[in-house]
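Using the sequences provided together with the hints, build the complete structure.
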Amino acid sequence: MTFMHKVLATTAAMALSAGAALAEPALIFDLGGKFDKSFNEAAFAGAQRWAEETGKSFREIELQSEAQREQALRRFAENGNNPIVMTGFAFGNVLSEVAPDYPETKFAIIDMVVDEPNVRSVVFNEHEGSYLVGMMAAMASDSGTVGFIGGMDIPLIRKFACGYAQGAKAVNGDITVLSNMTGTTPAAWNDPVKGSELTKAQISQGADVIYAAAGGTGVGVLQTAADEGILSVGVDSNQNYMHPGKVLTSMLKRVDNAVYDAMTQGEALETGINVMGVGNGGIDYALDEHNEALVGEAMKTAVDEAKGKIASGELTVHDYTSDDSCPDLNF
Amino acid sequence: MDLFTILQVLDSTVRLATPLLLACLAGLFSERAGIFDIGLEGKMLAAAFFAAALAAITGSVWLGLLAGIAASLMLSAIHGLASITFRGNQLISGVAINFLAAGMTVLIAQDLFSQGGRTPSLIGKGRFEPITLPFAEEVIDIPVLGPIYYELISGHSILVYVAFLMVPLSWWVLFRTRFGLRLRAVGENPAAVDTAGVSVVGLRYAAVAICGVLCGIAGAYLATGLQAGFVKDMTAGRGFIALAALIFAKWRPWYALYACLLFGLLQAVALRYQNIDLGLITLPVQFMDALPYVLTVVILAGFVGKAIPPRAGGQPYVKER
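Chains A and B are the protein sequences, given in the same order. Under our numbering, the first residue of the first sequence is numbered 1, with each subsequent residue one higher. Under our numbering, the first residue of the second sequence is numbered 1001, with each subsequent residue one higher.
Rather than coming from a laboratory, the hints here were simulated on the basis of the structure. Among the hints, a few may not be true.
[Stated by the list, open to error] SDA-like, lysine to any residue: derived pairs with alpha carbons at most 20 Å apart:
{"id": "1", "chain 1": "B", "residue 1": "Lys1319", "chain 2": "B", "residue 2": "Leu1152"}
{"id": "2", "chain 1": "A", "residue 1": "Lys200", "chain 2": "B", "residue 2": "Leu1152"}
{"id": "3", "chain 1": "A", "residue 1": "Lys200", "chain 2": "B", "residue 2": "Leu1063"}
[Claimed, not checked] Here's a subset of chain A near chain B, in silico, CB distances under 10 Å, partners left out:
{"id": "4", "residue": "Gly32"}
{"id": "5", "residue": "Gly33"}
{"id": "6", "residue": "Asn40"}
{"id": "7", "residue": "Thr182"}
{"id": "8", "residue": "Pro192"}
{"id": "9", "residue": "Val193"}
{"id": "10", "residue": "Leu198"}
{"id": "11", "residue": "Asp208"}
{"id": "12", "residue": "Gly220"}
{"id": "13", "residue": "Gln223"}
{"id": "14", "residue": "His243"}
{"id": "15", "residue": "Thr264"}
{"id": "16", "residue": "Gln265"}
Ideal Cβ placement from N, Cα and C applies to all residues, glycine included.
Below you can see the structure in the form of structure tokens.
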């Protein structure tokens, strides 16, 4: 009941204050919902940080259905909100239709490229972060075999796998990298049972560190890894807390920084493609009280060194999506 | 491929086949009584959520199991009400149940736990732990049979053994009891059952309720046996594969066991060996994933014997006046 009240109250408050807004930034959350402990929540955290630091406010909406995408975008644009930030690649098509209609409004889309003059497209160099956690996995592995479990078999996820394999091989040239995809349909993002079975299969083939880039399926991977006493690596947001002492680290996509940057720039938002990588704090690995003991001093030094090299351009990690192939891993 | 690898694939088969088997038997009871049920998926999902939610709140997996069964029974009651009492279209009611479960579980999960439609991870008594059968440790050194007993037969959670015991039990109930005879009759010719003075509505409700209980166990097994918590849409189409298995098994309990084990084996092999190299051609993993459905179509097309559904299936019973 309280949830219902909250929804009603928010809707009512939005309706009442609709006329008052002037050039406030707006944030649209994708279908996963604002508190998804991952992508959308990170975006919210970034906006919240901006609001606290500047004392200003922002408008937000959680989508409830596919049909609301365009509606929400147009409502905010007509209301004079600027810039309008949205999370998720699914906004791509809608935004390329809506953006030309509001040339004065700036839009920022995360995880997708929309080629319009008033759109800022934020993309992440996931392969760089995967490289870093791949290094850590190889250093933590005693068996010389590490695993990767992806969600749906799409180029983006292969990019994760490819970066991971490169990182692991950089540490130990003889290492075996096992790679499995959960499936080829969107159901692969939410099938923890399959995730568990894949984890068990990889463990029986010798893997003792497994990296999951698989959304809800990853929950099953991390759980089984913890149950079977091996290490796992989380993805997107910091998942170290899920099994303290059993999750080696997490590959972080700093969606919060992307949102924070966009809101800070405000109406003068720089458009075009904005690449968030290791160099500008867009990609990182997680280190907190839950995995301190697992990440030794040597490991930290090595990874931070690689991080510096990637940032300075001395080391380039191959991006699978650039030529649809991977030097260190066969799919 | 050595014995150990084969055993691991078979072990995985058993785990993957268990939810399919329970859901398949659930569908068997319902459809044998003339109520088509494509809401198996939704019932499993709701059961998975409520089992995980109650286990997370109370810390007792048994209360979770009961909550899962209760949730599944509720949805069964809705299906029964719509398709038996109000004589609505059974397929539409089933679809509605699937949607209802998919939306409701995430909504309630978000309200209770605020973790993006998940339940917290279950720990300790909140999960069904694998049970080691007696003498499993002692016999492991016996060649072949020892590892088979230790790896394959022992070390599953109690619900797996329940699921496998359900097969002979279902067979006995359906084919060796008066209740079973009437239940099957009501799916073939409800008018005859009615003429004999037996309540068609009562029997159909009983069948739908049994279906609810079995789906409830299946869902609880997913969330508290195989996993340690609920994730949105975690059934991932297993209810539909169970329906395919039901057709493949031609609506018979023992065949249902074989069909589910076969489908489980296909999944396990697909998970273990992504692409299978047969020398001349390479079987892609997608082929293995699609195989259950392909086999079902082959069966339906009548290539391997005939699959004849219960004759009164899908038709609401209207008493003649």
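Here is how each hint holds up against the structure:
| no. | hint | result |
| --- | --- | --- |
| 1 | Lys1319(B) - Leu1152(B) | violated (51 Å) |
| 2 | Lys200(A) - Leu1152(B) | holds (14 Å) |
| 3 | Lys200(A) - Leu1063(B) | violated (28 Å) |
| 4 | Gly32 | holds (7 Å) |
| 5 | Gly33 | holds (6 Å) |
| 6 | Asn40 | holds (8 Å) |
| 7 | Thr182 | holds (9 Å) |
| 8 | Pro192 | holds (5 Å) |
| 9 | Val193 | holds (5 Å) |
| 10 | Leu198 | holds (5 Å) |
| 11 | Asp208 | violated (16 Å) |
| 12 | Gly220 | holds (6 Å) |
| 13 | Gln223 | holds (5 Å) |
| 14 | His243 | holds (8 Å) |
| 15 | Thr264 | violated (27 Å) |
| 16 | Gln265 | violated (29 Å) |
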